[in-house]
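Undergrad: If you're matching them up, the sequences are chains C and W in order. This note's numbering applies: residue 1 is where the first sequence begins, and numbers increase by one. This note's numbering applies: residue 1 is where the second sequence begins, and numbers increase by one.
Hints were generated in silico from the structure; no laboratory data involved. Because the structure is a prediction, the values reported are computed rather than measured. Heads up, a few of these hints could be off.
Identical chains blur together in the list; that is why a pair holds if it fits in one copy or across any two.
[Unchecked claim] With a cut-off of at most 20 Å between alpha-carbon atoms, the simulated EDC-like pairs for lysine to aspartate or glutamate come out as follows: (1) Lys156 / Asp124; (2) Lys36 / Glu242; (3) Lys156 / Glu217; (4) Lys68 / Asp56; (5) Lys8 / Glu73; (6) Lys16 / Glu73; (7) Lys20 / Glu73; (8) Lys229 / Glu102; (9) Lys25 / Glu101; (10) Lys36 / Asp87.
2 protein chains.
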Amino acid sequence: MEYFTVIKSRQNARYKALLKTLSGKLPAGVLVLEGKRLVMDALNSDITPELLVFADDPAGLKMHAELKDVASESLVLAEDLFKRLSDTVTPQGVLMLAAKEERDEDALLHAPAGATLILDGLSDPGNVGTLTRSAEAFGFDHIIYRSDGVSPLSRKAVRASMGSILRQQVFRVHNVAAVVDRWTRESTPVYALDMDGRPLHELERTDGGFALIVGNEAQGISEAVRKTKVIPLSIPMEGRVESLNAAVAGAIAMYELGGKRCR
Amino acid sequence: MEYFTVIKSRQNARYKALLKTLSGKLPAGVLVLEGKRLVMDALNSDITPELLVFADDPAGLKMHAELKDVASESLVLAEDLFKRLSDTVTPQGVLMLAAKEERDEDALLHAPAGATLILDGLSDPGNVGTLTRSAEAFGFDHIIYRSDGVSPLSRKAVRASMGSILRQQVFRVHNVAAVVDRWTRESTPVYALDMDGRPLHELERTDGGFALIVGNEAQGISEAVRKTKVIPLSIPMEGRVESLNAAVAGAIAMYELGGKRCR
Numbered sequence: 001m002e003y004f005t006v007i008k009s010r011q012n013a014r015y016k017a018l019l020k021t022l023s024g025k026l027p028a029g030v031l032v033l034e035g036k037r038l039v040m041d042a043l044n045s046d047i048t049p050e051l052l053v054f055a056d057d058p059a060g061l062k063m064h065a066e067l068k069d070v071a072s073e074s075l076v077l078a079e080d081l082f083k084r085l086s087d088t089v090t091p092q093g094v095l096m097l098a099a100k101e102e103r104d105e106d107a108l109l110h111a112p113a114g115a116t117l118i119l120d121g122l123s124d125p126g127n128v129g130t131l132t133r134s135a136e137a138f139g140f141d142h143i144i145y146r147s148d149g150v151s152p153l154s155r156k157a158v159r160a161s162m163g164s165i166l167r168q169q170v171f172r173v174h175n176v177a178a179v180v181d182r183w184t185r186e187s188t189p190v191y192a193l194d195m196d197g198r199p200l201h202e203l204e205r206t207d208g209g210f211a212l213i214v215g216n217e218a219q220g221i222s223e224a225v226r227k228t229k230v231i232p233l234s235i236p237m238e239g240r241v242e243s244l245n246a247a248v249a250g251a252i253a254m255y256e257l258g259g260k261r262c263r
Numbered sequence: 001m002e003y004f005t006v007i008k009s010r011q012n013a014r015y016k017a018l019l020k021t022l023s024g025k026l027p028a029g030v031l032v033l034e035g036k037r038l039v040m041d042a043l044n045s046d047i048t049p050e051l052l053v054f055a056d057d058p059a060g061l062k063m064h065a066e067l068k069d070v071a072s073e074s075l076v077l078a079e080d081l082f083k084r085l086s087d088t089v090t091p092q093g094v095l096m097l098a099a100k101e102e103r104d105e106d107a108l109l110h111a112p113a114g115a116t117l118i119l120d121g122l123s124d125p126g127n128v129g130t131l132t133r134s135a136e137a138f139g140f141d142h143i144i145y146r147s148d149g150v151s152p153l154s155r156k157a158v159r160a161s162m163g164s165i166l167r168q169q170v171f172r173v174h175n176v177a178a179v180v181d182r183w184t185r186e187s188t189p190v191y192a193l194d195m196d197g198r199p200l201h202e203l204e205r206t207d208g209g210f211a212l213i214v215g216n217e218a219q220g221i222s223e224a225v226r227k228t229k230v231i232p233l234s235i236p237m238e239g240r241v242e243s244l245n246a247a248v249a250g251a252i253a254m255y256e257l258g259g260k261r262c263r
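Extracted from the complex, chain C is given alone in its bound form (with noise of 0.2 Å):
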């Protein structure tokens, strides 16, 4: 027979500083893992498990019976408090916080071998999720984005990520141009998504290490990488469409850059 405790009290001091965590914009390199696929997916990973939470429900406590070792805490919540940290509408009975290395431009002074997706201050985190997630899939296994952006290990680009966050390499940098500048010195091909761009399509590709950029949902790219030497891109559109949403941009590029198409 195992014992544990149930927290049942909103006063709680435990549950009372989580629910602060968790509201609020999460500490730097912490990332949260909400239902068992992702959890799982997670222990798989290279991250590092620092808190588990379970609900005090069947599932939950299956859970918990399972995995309650594998982090350096675990607590186990009345459903209705459980449901309080939940950012879905259908709680699935965990969550994890985990710590992932973030990096910042000091591990960046030469490009990485592959290809790196840079976002230049996306604002929606369902974007900033399933570029992530396009990411994996067209081989980007680094993550760059700007500081005052989204971050890739916010709640929801997580959740939008679909666990493809926890296989990449992220960094966080204040200075995007200043890394695309020094690589573009060094011949590394940077592309950017700007609707006055060359069309993709007909871009000659190179082997090695390259970077794509994505811009701003609403502004694009940023002024200041503009005035580097990127390569811009373009999408050809039909239409009165004035430009695609930056997730379906960014993916069609990924996709022709790094993907396996015309290899």
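Mind docking chain W on chain C? Use the hints.
TA: Relative to chain C, chain W alone:
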């Protein structure tokens, strides 16, 4: 000097009826457009404006002066009343109810010339709207949706379409498989996104009308459609990604099939 009535009471019968219409499922063929840009876009399309609603604030009253006579009815509402009707975080002082022709399977005996997008029971209005936006960009001007899925005329889908829905022919269909079956017997190619399909880029192009089916976010293409002579197509992926977001996958396929790529 112009005179008009500002509705200020939540008990006003016209207001209550309107709130009820906008809070529930919209009647078939009715769409709601919010904000100056979408309203102006709509007035330049073939939809029929039925009701314009303005907020009693500077932006709303300015648009009221310009536009009050373009619909058969127009109302000015106190700011708080307007806000309750609005679906957006920062209401822009104007919204319009309009009628858009929505046809049924009787209009689809033969495949239309050009490119048709078929939504086989999608459940996320954001995806449906984003697909509508991408459809216009890549030359798809007919959209068929399964009647038990999200309608591209629903409020959230209209917003995500950024106005593209206004320039599409929309068909509401109960039995998608029957339509597809008829078309394939007449040798119209009907492609379906399916993980087990042939890689998208290996496809040989044909001239003439064709259709692309995008399936439900979780279940994919429906069983009934699978049993027809659709041509399954897949998007090659790397990593441990099981699938792409439905709006992303649909956009990549439309880009390949209908866009300017490799033409």
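Undergrad: Run every hint past the structure and note whether it holds.
TA: Hint-by-hint comparison with the structure:
In this assembly of identical chains, the alpha carbons of Lys156 and Asp124 lie at most 20 Å apart whether taken from the same copy (9 Å) or from different copies (16 Å). Within a single copy, Lys36 and Glu242 get their C-alpha atoms only as close as 40 Å, which misses the 20 Å cut-off; across copies the closest is 16 Å, which meets it. In the homo-oligomer, the alpha carbons of Lys156 and Glu217 lie at most 20 Å apart both inside one protomer (17 Å) and across protomers (17 Å), since each shortest distance falls under that limit. For a Cα distance limit of 20 Å, the shortest separation of Lys68 from Asp56 inside one copy, 13 Å, qualifies, whereas the shortest one across copies, 57 Å, does not.
Taking the shortest alpha-carbon separations for Lys8 and Glu73, only the intra-copy value of 17 Å comes in at or below 20 Å, while the best inter-copy value is 55 Å. For the homomeric pair Lys16 and Glu73, the shortest alpha-carbon distance inside one copy (16 Å) is at most 20 Å, but the shortest distance between copies (52 Å) is not. In this assembly of identical chains, the alpha carbons of Lys20 and Glu73 lie at most 20 Å apart only when taken from the same copy (17 Å versus 48 Å across copies). Taking the shortest Cα distances, Lys229 and Glu102 never come within 20 Å of each other, neither inside one copy (27 Å) nor across copies (48 Å).
Taking the shortest Cα distances, Lys25 and Glu101 sit within 20 Å of each other inside one copy (17 Å), while across copies they are farther apart (45 Å). In the homo-oligomer, the alpha carbons of Lys36 and Asp87 lie at most 20 Å apart inside one protomer (14 Å), although the nearest pairing across protomers, at 33 Å, exceeds that limit.
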